[in-house]
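Protein chains in written order, with the numbering used here: chain X, 1 to 427; chain U, 1 to 299; chain C, 1 to 274.
Since the hints were derived computationally from the structure, they do not count as laboratory data. Please note that the accuracy of each hint is not assured.
Unchecked claim - Distance windows between CB atoms, simulated:
#: 1; chain 1: U; residue 1: Phe-296; chain 2: C; residue 2: Pro-33; range: 50 to 60 Å
#: 2; chain 1: C; residue 1: Leu-24; chain 2: X; residue 2: Pro-150; range: 35 to 45 Å
#: 3; chain 1: U; residue 1: Leu-143; chain 2: X; residue 2: Pro-150; range: 32 to 42 Å
#: 4; chain 1: U; residue 1: Asn-54; chain 2: C; residue 2: Leu-255; range: 49 to 59 Å
#: 5; chain 1: X; residue 1: Phe-73; chain 2: U; residue 2: His-71; range: 52 to 62 Å
#: 6; chain 1: U; residue 1: Tyr-41; chain 2: X; residue 2: Arg-294; range: 50 to 60 Å
#: 7; chain 1: U; residue 1: Phe-296; chain 2: C; residue 2: Pro-187; range: 26 to 36 Å
#: 8; chain 1: X; residue 1: Pro-150; chain 2: C; residue 2: Leu-255; range: 45 to 55 Å
#: 9; chain 1: X; residue 1: Glu-155; chain 2: C; residue 2: Pro-33; range: 17 to 27 Å
#: 10; chain 1: U; residue 1: Ala-149; chain 2: X; residue 2: Pro-150; range: 46 to 56 Å
#: 11; chain 1: U; residue 1: Ile-289; chain 2: C; residue 2: Ala-69; range: 43 to 53 Å
To be verified - Here are some chain X residues the structure puts well away from chain U; computed CB gaps all over 10 Å:
#: 12; residue: Ala-108
#: 13; residue: Gln-217
#: 14; residue: Gly-283
#: 15; residue: Lys-324
As the list claims (entries may be wrong) - Just so you have them, the derived chain C footprint on chain U, three or more residues with Cβ under 8 Å:
#: 16; segment: 106 to 113
#: 17; segment: 203 to 209
#: 18; segment: 248 to 260
#: 19; segment: 279 to 286
Think of the CB as a built atom: it goes at the ideal place given N, C-alpha and C, for glycine as much as any other residue.
Residue strings, one per chain:
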Amino acid sequence: MRKALTVLMTGVLAAALLAIAGSGGAAPDPNAPAAIRFMWWGADQRAKVTTAAVRAFEAANPGVAVQVEPTTFDGYFDKLATQFAANDAPDVIQLTPDKVLEFAGRGALLDLASIDTSKIDPRLVQIVKTERGQAGIPAGIGSHVMVANPRLFVEAGVPMPDDTTWTWADYRRIAQEITRRTGKEGVFGSQAFGISSNGLSVWLSQQGKTLWTKDGQIGYEAPDSTGYFQLLKDMSAEGGLPTPELITEELSAPLEQSGIATGRYALAYADTSQFSSLVKAAGEDLELLRFPSRTGKAADAKMEVRSSMYWIVPARTEHEAAAKKLVNYLVNSPEAGKLLLGDRGVPTNSAVRDAVRAQLDPASAESVAFIEEISPEARDFVPRAPVGGGNLEEILKRQTSDVLFGRATPAEAAQRLIDESRAATRR
Amino acid sequence: MARTTTSRVRKRDDRAAYVFLLPWFVGLVVITIGPMAMSLYLSFTDYSMLAPPNWVGLDNVERLLTDERLHNSLRVTFTYVLVGVPLQLAVALAVAVVLNRGMRGLAFYRSVFYLPSLLGGSVAIAVLWKQIFGSTGLVNDVLALVGIAGPGWISDPRTALSSIILLHVWTFGAPMIIFLAGLRQIPEMYYEAATVDGAGPLQRFRRITLPMLSPIIFFNLILQIIGSFQAFTQAFIVSGGSGGPSDSTMFFTLLLYQRGFGELDMGYASAMAWLLLLIITIFTAVNFIASRYWVFHES
Amino acid sequence: MRASSLVRHAVLIVACLIMIYPLLWMVVSSFRPDDLIFRQPGLWLTSLDTVNYREGWSALTRPFSVYLANSAVVALGAIIGNLVSCSMAAYAFARLEFRGRKALFGIMLLTIMLPFHVVVVPQYILFSQFGWVNTFWPLIVPKLLATDSFFVFLMVQFIRGIPRELDEAARIDGAGHPRIFLAIILPLMTPALATTAIFTFIWSWNDFFTALIYLTAPDMFTVPVALRAFVDSTGSTSWGSLFAMSIVTLAPVFLAFLLGQRFLVKGIATTGIK
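Turn these sequences into a full structure, and let the hints steer you where they fit.
Below, the structure written as structure tokens:
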């Protein structure tokens, strides 16, 4: 017993010291294929299709080996920032557009201008172009839309609105009527719209304003968003929207528990990339709608077509050529498209889109059709957030719940939204 | 013992001590002190992690003084510590006292009461908690039976912190175990003597259990206070990392984490960490001093 | 007496039920089809469907056994590390006279108070310099080096409770410190070692953040990281599988606790925290 313990102790000590001393690991073999690392966030389904696409890429490019690093969304950006701090970031990374600009603004990203983007909507590409070059390549198209549940409209005896002509007043009336006429516990006309900057962005665009200006300033004034908070408060009070408690609770609710997925809300806000999952979770038919407008004209709804994920390559990568090759393959190759399908949204490359159309499930096909329908009338791209602007979501959520719980008047919340956004982007 | 012997023994101890302490010391210097020193340095810099740090002197300290969200997070954290810790310890002690008498199924109860603590920071916690405290959750279902419309406990800024404190109280397993252990140490004869003197259960608790247990209460108190100042996981999971609604569950460490990793402002976050370390150290020191007046020592 | 004991049991059982209602709900949900989990209230189960277990086990890139095995390796390494290094340090602090003891002990206590998030980045930079990213070393080596000061503190308190006469006697017989430590102190502190082992197991088994940051390849994922792969914050989450695998994950911890709890109570009981 004693001897065993002594041996164990010595062994453990030696192992610890050796491990500390023997740092580094083997030197890289110059003849080995370029080994690049590729990281994204998402659930396991995404990991499967993406890994399949990577294997196809390796088969087509014998000189490159790819290590896949699927990561959970929880902690993704923490992990990424830590890796950048240690100069240990993967070579190809999936990132949100706001973060792309934030990272690019600090000089951390490689210029990807040499990647072919000729078949991609130029607006999607332009938006992450900085003075340092092309910071990212769009990975999939989506649009912030309204989703309707036809069954609840029928139950309430309210006709489905024509989304090319409806106004905010129509929306307010319809939501209230549905809540009143269905009269069921927990059933509401519409989900709240104050909870993401996408909704605010639409609201501002319809008044000819933007969240941010090109030079990174705030693109609107307090009165421009007062009406937004006012409508939210009024609709919640009169029943068209859920109660303040339910609204805040859903700020962090998973998709499956949202009111539209559980058949409790007749209208909701979503991204087209979520549509397929929503239909599956709801287990019934759902419809895609344009936003209401101020004038009753579809073009004035100022729908936005955008990419919610971009591929980026860190400036300090040691495998620039191989990394770019992989990005190019993911975006421009029909083979990759056939494996990835609609996982990150509608394929950005129009040729790839045509190649995979036949393989899409009905809900994804509907998203593609909807995107193609609104693309001509979609608004010009608004400038993206400056450094620090990524905090807008949190700031907005705070103001929304303050308004709902009567801690701030709509005018106060609108002012604070500006003040806090300014403070967050000052540095 | 002769003086020469003592010094000889001491000399030999020095060598042996350094050998025994070697792994700990290497860990302290390399894994703890090194990173600590770096974070101290970073707290005087502007550091985004994407670019090298920039020395900014006392700017971060100045920000600490004027950052209103930070002051709010201190209020939240102090409320949590001052309410949550005594509450959890009281529950743990009460359950331990009830479970202490030799009764059947003790191991079973002990295990069941410990179960929630095992769940820790599981992903499922957020969903489970919503099943109970959501506006359509169990608590409100029960309240509805008696005709009360309960608030959305988690989503109403007035009650959100309370529900997280409750979540904390719910995981009273570890201090309960430590209390149980302490209760076992109190000699049965004290109770017998007191019963003979005609003391009731309440008096026995106040006159014997509390003083005899005070060192253990103190131990639990110290560790729980340190742990609660650093509370992070529960608030992070329940609020989805936002500290919402309206910053009502914005714990200090949660804000630190948001500033550091969310806003890529690691210099400021480091300054925050050192402020927290200072606060905890002061609290612990005050506790040690105060313990002289209420912790009972047998000898 | 009998009636009061009955009442006590009744109260305790009700309290138990309230305590573990969320857990029961999770167990019940793990036997429900995905689309009913958030629609069917209460704990009533209409059918006992094990599909979530079967699907959850093989739903991820690797079979769930891979993640369990990884977690087991990390937990085992952490336990051995903490047992060996913490007990050695504790012996020195509790029994040996040496220069700088008070100062070092104070520093040891101070490291318990250090907020974890702030050393994450420097530690990552350090370990990545060592080439340890995507290995288990960053999860195990800190334990081998006794960085969990909590346990050192616990063991110090314990050893102080062991009568000094025992090591004095051994010393007179000519035993050196290694022998006293191995032959006398260690066997006497078995309960404290068990406490350390169980707590280390639970903490390292549940540790998400460290594992997330250091482990990059799916082959290396531990259970907490793997469990989150069921969750997609923007898309669909397989709640049934998540709950089923959460229970699979919880089972070993509960078992460890059930088996170890005797030592646990005894362990802390004899530490003489006074």
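Do the hints match the structure? See the list:
no.	hint	in the structure
1	U:Phe-296 <-> C:Pro-33: 50 to 60 Å	holds (58 Å)
2	C:Leu-24 <-> X:Pro-150: 35 to 45 Å	holds (37 Å)
3	U:Leu-143 <-> X:Pro-150: 32 to 42 Å	holds (35 Å)
4	U:Asn-54 <-> C:Leu-255: 49 to 59 Å	holds (52 Å)
5	X:Phe-73 <-> U:His-71: 52 to 62 Å	violated (31 Å)
6	U:Tyr-41 <-> X:Arg-294: 50 to 60 Å	holds (54 Å)
7	U:Phe-296 <-> C:Pro-187: 26 to 36 Å	holds (31 Å)
8	X:Pro-150 <-> C:Leu-255: 45 to 55 Å	holds (50 Å)
9	X:Glu-155 <-> C:Pro-33: 17 to 27 Å	holds (25 Å)
10	U:Ala-149 <-> X:Pro-150: 46 to 56 Å	violated (31 Å)
11	U:Ile-289 <-> C:Ala-69: 43 to 53 Å	holds (49 Å)
12	Ala-108	violated (4 Å)
13	Gln-217	holds (19 Å)
14	Gly-283	holds (20 Å)
15	Lys-324	holds (20 Å)
16	106 to 113	holds (count 6)
17	203 to 209	violated (count 0)
18	248 to 260	holds (count 4)
19	279 to 286	holds (count 3)
Hint check: violations occur at hints 5, 10, 12 and 17; the rest are consistent with the structure.
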